[in-house]
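Each chain, written out:
2 protein chains.
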Amino acid sequence: MNGGHGRNSYANNSSLQRNVIDRSKTMIDEAIANHLDIQICPPSSSNTFRIADFGCSVGPNTFIAMENIIEAIDLKYRKSGSTPEFHVYFSDHTSNDFNTLFAYLPPGKAYFAAGVPGSFHTRLFPKGTLHVAHSSTSLHWLSRVPKEVLDTNSPAYNKGRILYTNAAHQVFEAYSAQFGKDIQAFLHARAEEIVCGGLMVLNVPAIRDQTPPSEFQTETFSIFWDLVSWTWPRR
Amino acid sequence: MNGGHGRNSYANNSSLQRNVIDRSKTMIDEAIANHLDIQICPPSSSNTFRIADFGCSVGPNTFIAMENIIEAIDLKYRKSGSTPEFHVYFSDHTSNDFNTLFAYLPPGKAYFAAGVPGSFHTRLFPKGTLHVAHSSTSLHWLSRVPKEVLDTNSPAYNKGRILYTNAAHQVFEAYSAQFGKDIQAFLHARAEEIVCGGLMVLNVPAIRDQTPPSEFQTETFSIFWDLVSWTWPRR
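Protein sequences, first through last, are from chains A and B. Sequential numbering from 924 applies to the first sequence in this note's numbering. Sequential numbering from 924 applies to the second sequence in this note's numbering.
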């Protein structure tokens, strides 16, 4: 993503992603209220509750998402008579503009902040570190272009295009297979990093089964606005 | 500090600081061997050992310092038949060039890395987070210029200079008082953040008592090379 705060920066061109976060707030509130069991998911022995945002970019969306989650968790803990300290990890590729992210951390924030550089398709935290893992409008980014898409001798060759709308079915299959590998890598890594009883919140743009390639782009954004999201408690 | 990797960058102008780290290795090895009690200082319930470098700048010195510490701890744990995962936090002012720091993280590093922006004169971590806190050639940086040093009506006015060598005794007293406040703030913050039984390693340039102001600069570097360092176990 473009760093900084200029005209073409992510920070000034991410209202769609902000909208997803705003619309997912109720869903996250409910997931935390109903699925995060503070009896089986206590904060660490030092009373710290750890949250990570995977694919945070440079803000301000990530700050809003993290504050929404903290607010819901804080409410739940207050009802039980105690509140933990929050440690929030902002994670994105090493090339992400962390300098800008850190410069715009909200003053008076109610958490301790850290930046974590690296691909979310790999392990980024020690085992059993996180209580909540969050990712919004990020998981559709692949770790690489499928090699057959670039191979002029392959039926999946995409003629130099970066979209697969109206492309041959083999192009769709190549991208789909790559996403399969990537999401598996993401889930394997998070399965190690999230504590037992922790929660994972994912907002992912998606298409319905059987959607023809000619409608991929329209369909993607339609479903995107329908907000296909999942919240998974880890048991 | 100057970021990046240019001619005037910290990365290319910090051989003195590197020398301090190299010369403190034996002292740190001994401190970990003799003072870090892995019976009273076990890693967290998730088997994570957390280390922070306060005033890390942009590397490569901080990477060498952290690897030295990990090597000594790993050796100690191996003797006991188990090894933890290491989580290393690189901390410096928000204006530090974390982008460069992250870009030069050693490939194949044996730890998970995070950057922590903020002043080490404040709390930067939740309570009971860290097993080892390290700071090398950083604690002499003050949080502010003492205001009387800038006051033309004060006997501590330093005439616009940024050094106090050969200055009036009141100038020395003003800087000394500011350092007193700053080191107290640093120690109070770390006292909350370090686990019981954890270790703090500080390399700080210093002067001997009774050194006249005219010899401050020479003396500072003399003692610097003598490596006045402390290692404190927290009981």
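Check the hints yourself; a few may be wrong.
Copies of the same chain are indistinguishable here, so a pair counts whether it falls within one copy or spans any two.
[Stated by the list, open to error] Think about it this way: if two alpha-carbon atoms lie no more than 25 Å apart in a straight line, the pair counts; the simulated SDA-like pairs of lysine to any residue are:
#1 K1032 x Q1107
#2 K1050 x Q962
#3 K1050 x I993
#4 K1032 x R1067
The hints are simulated quantities; they were obtained by calculation from the structure and are not laboratory data.
Earlier hints that do not hold, by number:
none
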